[in-house]
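Join these two chains into a complex; the hints should help.
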Amino acid sequence: MKSSKVIHALYTDDDVLMGAVKKLRAEKYAIEEVYTPFPVHGLDKAMGLAPTRIAITSFMYGCVGLIVAILMMNFIMIQDWPQDIGGKPSFSYLENMPAFVPIMFEMTVFFAAHLMVITFYLRSRMWPFKNAENPDPRTTDDHFLVAVSVGDNEKELKKLLTETGAVEMHVVEQEASH
Amino acid sequence: MYIFTNRLKLIAISLVFLGALGWGYSYVNSKKSLEEIKVMLAEEDSHHETAAVTTEHMPGEHAAVESHSDDHAEHVMHQTHNRPYAALYVAAFFFMMISLGALAFYAVQYAAQAGWSVVLHRVMEAITAYLLPGALIVLAIALYAGDHLFIWMDPEVVAHDALIQAKTSWLNKTSFLIRGLIFIGGWSAYRYLSRKYSIAQDSADDAKNFKRNFRLSAGFLVFYLYTESMMSWDWIMSVDPHWFSTLFGWYVFASMFVSGITVIALLTLYLKSKGHLELVNDSHLHDLAKFMFGISIFWTYLWFSQFMLIWYSNIPEEVTYFVTRLADYKLPFLGMVVLNFLFPLLLLMNSDYKRVPWFVVMTGIVILFGHYIDVFNMIMPATVGDRWSIGLPEISAVLLFLGLFMFIVQLALSKAPLLAKGNPFVKESENFHY
Chain A
1 MKSSKVIHAL
11 YTDDDVLMGA
21 VKKLRAEKYA
31 IEEVYTPFPV
41 HGLDKAMGLA
51 PTRIAITSFM
61 YGCVGLIVAI
71 LMMNFIMIQD
81 WPQDIGGKPS
91 FSYLENMPAF
101 VPIMFEMTVF
111 FAAHLMVITF
121 YLRSRMWPFK
131 NAENPDPRTT
141 DDHFLVAVSV
151 GDNEKELKKL
161 LTETGAVEMH
171 VVEQEASH
Chain B
179 MYIFTNRLKL
189 IAISLVFLGA
199 LGWGYSYVNS
209 KKSLEEIKVM
219 LAEEDSHHET
229 AAVTTEHMPG
239 EHAAVESHSD
249 DHAEHVMHQT
259 HNRPYAALYV
269 AAFFFMMISL
279 GALAFYAVQY
289 AAQAGWSVVL
299 HRVMEAITAY
309 LLPGALIVLA
319 IALYAGDHLF
329 IWMDPEVVAH
339 DALIQAKTSW
349 LNKTSFLIRG
359 LIFIGGWSAY
369 RYLSRKYSIA
379 QDSADDAKNF
389 KRNFRLSAGF
399 LVFYLYTESM
409 MSWDWIMSVD
419 PHWFSTLFGW
429 YVFASMFVSG
439 ITVIALLTLY
449 LKSKGHLELV
459 NDSHLHDLAK
469 FMFGISIFWT
479 YLWFSQFMLI
489 WYSNIPEEVT
499 YFVTRLADYK
509 LPFLGMVVLN
519 FLFPLLLLMN
529 SDYKRVPWFV
539 VMTGIVILFG
549 HYIDVFNMIM
559 PATVGDRWSI
569 GLPEISAVLL
579 FLGLFMFIVQ
589 LALSKAPLLA
599 KGNPFVKESE
609 NFHY
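Protein sequences appear in the order of chains A and B. Heads up, the first sequence is in this note's numbering, so the first residue is 1 and it goes up one at a time. Heads up, the second sequence is in this note's numbering, so the first residue is 179 and it goes up one at a time.
Be aware that a few hints might be false.
[Claimed, not checked] Result set (DSS-like, lysine-lysine): computed pairs, CA atoms no more than 30 Å apart in a straight line:
#1 452(B) with 210(B)
#2 593(B) with 452(B)
#3 508(B) with 88(A)
#4 389(B) with 468(B)
#5 450(B) with 351(B)
#6 45(A) with 28(A)
#7 599(B) with 389(B)
#8 351(B) with 210(B)
#9 23(A) with 605(B)
#10 450(B) with 45(A)
#11 374(B) with 389(B)
#12 605(B) with 22(A)
#13 599(B) with 468(B)
#14 605(B) with 45(A)
#15 374(B) with 605(B)
#16 158(A) with 22(A)
#17 155(A) with 45(A)
#18 468(B) with 45(A)
Because the hints were derived from the structure by calculation, they are not lab data. Just so you know, these numbers come straight off a predicted model, no measurement behind them.
Same shape as in the complex, but just chain B (with noise of 0.2 Å):
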């Protein structure tokens, strides 16, 4: 048995309790007025002048401009009101998601009744044991802060708003709100019902439990390729309402199995660096590597077949998506491409590279890095717009889900054994070699 120590509970708390304190900070002091706003843009615009004296002014230049500057200084008042709330939803969507991808991953396990992967399930169910809490959170978030992410939710916006108006029967709190208790419920209750009979099948002297968790899982996999598809359009895409793709829900969803993945993978290696889980060999390690390596590129595919469909017909309301990225967002933008395809692609292209533990993490935390941005590049343009950077909003809503999301996992991997030891296929998986 697992034991979750003290000073794992101690870290997770307070990092918890850090998290909270930045934002919370973060929260308070981004409540700026309008005069502030003008005073902060009136500094930055000095800046800006002195850095560049030579360059000439015309005469009516500044007139023009003084009209334009309290519509832009309320915008940027907004956006810097926003801020924390999508620093705050990027992170609990980071979180969700990785045990969103695990719970799909556990999934397909079952259902392919794939053999070589048993000694990993206890460490999987832990990881999904984060999915009821941190989707509560992600939909509680959302419904919270409102028109601060979702200019849909604000009537004012929608009167306005032709092409918002001819989707309301989709976007309007309410059915967002059954549709997310919708999808949470049936993802938990798959995950509820899974553990249960992983749990029973090992005191078990037949396969029912087995074999009632296969089905089950089957049927899970339609349902969660359904919802999550239209999760991700709720909770991702609608912050740009007036943009669609019709491949976003698979690109989303290649994003959260391979961050799944990697942290199956350094979840795995962390607790066979404390002596657990002796039955899981190098060639374990190598298959997940092999599927962060794998999944890693077929996101990138989708990363690109979404934009270069989209670049090349060159459609006004489809192509300012990409077109806001690369203005104000071509580090994280880009970055992502390398962090997420590159890295991974050179590290663990060689096979043996694959077995070696240290290997593995590096590359997994390059990865997890990657997604981060990922999820970060889908929902702060729409918030922020050009006033994004990584700072303490951010950073401590990192902390705060990395706390709770440390704290659920290690409390679940202590209330079973590590290994499910009744599953039909554990032997095969035991003896497992590449």
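This is chain A alone, in the form it adopts within the complex (with noise of 0.2 Å):
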């Protein structure tokens, strides 16, 4: 396996911090991951991450979520025990739609919350008895940490680092990113 070297620089201030991020993408250093204790506002763009999809997963879901409620009930209460709603025995599932409506809405919602939680996990790969990625602990607490991925010249980057604000550097030598 082919290895790389990757500095970790830390940072004590979320301001500090987004400033770094983008000098260094304007000087085209490839920023590997940033860690912090709380979500940064606006970093997302700033390290130039592309956008999330995870909207279009709560659509499908909520479209899924959707389907099962209108199958489910018609099933529970006009094909398996047919049932007289609201002394309206019409046993057709289109005429008693509107007492179903709370059902499907809350399908709707309850499978696009719970498996756009669970897609999140899994995309940012976090399951049980997962260890943390984290490279040092203080990044939950009131550190910042960017890992820059060091190119030819390691003198140069650690000067720019520094004038960025870093305030504590580490070379770390890690396996090729996935």
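Printed below as a string of structure tokens:
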């Protein structure tokens, strides 16, 4: 396996971090990952990450939930054990539909919300018993860590990072990124 | 300073003129006598018969129908006479409602001390300028039309109706007028003072006027929530004096709120396209579109809550309201759910689309049309029954009030700078970024 060198630069302020990320991007350095104790507004744009597609999955899960609710209520209330709903024994799904709307709505929301969260966890490679990928526990408290891959000139990168306000730097050997 | 151009003046005035002409024509045309109605009905009947030649008639049927036909013709005559009044009332109420919805939204901005919307304040103030004339017109039409719209205003009807008799302490012309004037007086007083403080704040060096507006707006919202609900009973629900729904006021509120916000968005985009409102960015548009999206869903929630409970319990005196609508108004009644719910839901769901001006304009027009139909569905079944249509009286009434609305709003826009520059939050609004 090919290995590559990465510098972990630590910052203590989110504004300084934002400035550093912008500067590094402008200087064409490859930022591998940024670890922060809280979501930093606008960081995804500054890092040039592709926009999230989780909203699309959420819409699709919602549609699945809606279909499940329709099929479920049709089976329970119309086919399996036909019910006289509200004194209107029509035994037709369509004519009893208003009574099922709350369930259709709830199931849409339920599917969209839960499956979206599960998708988010899986996509972030977080599943039960998974060890944290966090390189430095201080990023869960008050430090911000930027992992930059080292190109040809390590010295220059270090100088640039110091200029941007990094308080600490470690050079780490890392397996080639996935 | 915004200038109300002569071209726009001309457009607005000609809309009023055109609308008045069209409405006047249909008004004169609607004054049909009983004989004319009978001829008209006979013609309609013969149409039906040629269409259904094969249907067999029972021998005795015709005689039985004959004795009913006089009653029926008189009924149809009343409905024909009512139509221009109802068309005028629907359009007048629709534009008044836009303005009142915008006023509530404006008050919310102050009461919540919202920072993002300050660059839109003058747009909202301009829209609410229509409220005083618009609401007075609605009240005037209601009282002038009398029993053409509100059967409880007809003493003859009340004399034979025990249910309305029990409600006469509330439903009588005098208290209707007094309540109407109190509602309009309260709303307009708030609008007048708040506009005054807003303009005074432009040149002030402290936040005194802003604080006054904050307190005033919070008070107004309390007054508004009560009076808006009562107004909806008086001006809309009482066209069906036997029927009642406890969440009707909220339902009307949702309709006016979303219409008001939509018009704020449309007018903002118009002014922006003319090179005004430099500080409005696509994040402001995004937020307005979020409100359009959210309140559209809120409207659907209330519409459906009202429908479902009544449909479920199936009590005759309540359910008749929806039976009429589903029997005679199927297309507008169900079509409005498509316009007011499905369209905004699907078109504005994507976050990026909320920033695309033509997308917001397109959805906004659909929403406004949908809420016109909403008011139409509230008024028409009780006044013209199954003889409804969207024809000359309806369209001309809309043009008439659209012209008036445009004129007053543009006039108000040209009276003050388009940026409320003295508002303490103006910087926050300028830098507003999603």
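Structure-based check of all given hints:
1. 452(B) with 210(B): violated (48 Å)
2. 593(B) with 452(B): It holds: about 17 Å lies between the C-alpha atoms, which stays within 30 Å.
3. 508(B) with 88(A): holds (20 Å)
4. 389(B) with 468(B): holds (28 Å)
5. 450(B) with 351(B): At roughly 45 Å apart (the allowed maximum being 30 Å), residue 351(B) and residue 450(B) break the hint.
6. 45(A) with 28(A): holds (15 Å)
7. 599(B) with 389(B): holds (15 Å)
8. 351(B) with 210(B): holds (27 Å)
9. 23(A) with 605(B): Roughly 27 Å between the alpha carbons, so the hint for residue 23(A) and residue 605(B) holds.
10. 450(B) with 45(A): Status holds; Cα separation ~27 Å.
11. 374(B) with 389(B): Holds, at about 13 Å.
12. 605(B) with 22(A): holds (25 Å)
13. 599(B) with 468(B): The hint holds at about 25 Å.
14. 605(B) with 45(A): Between residue 605(B) and residue 45(A) the Cα gap is close to 24 Å, so the pair holds against 30 Å.
15. 374(B) with 605(B): Within the cut-off at roughly 21 Å; holds.
16. 158(A) with 22(A): With a Cα-Cα distance of about 16 Å, the restraint between residue 158(A) and residue 22(A) holds, given a limit of 30 Å.
17. 155(A) with 45(A): holds (27 Å)
18. 468(B) with 45(A): holds (22 Å)
Taken one by one, the earlier hints fail for this structure at numbers 1 and 5, listed in ascending order.
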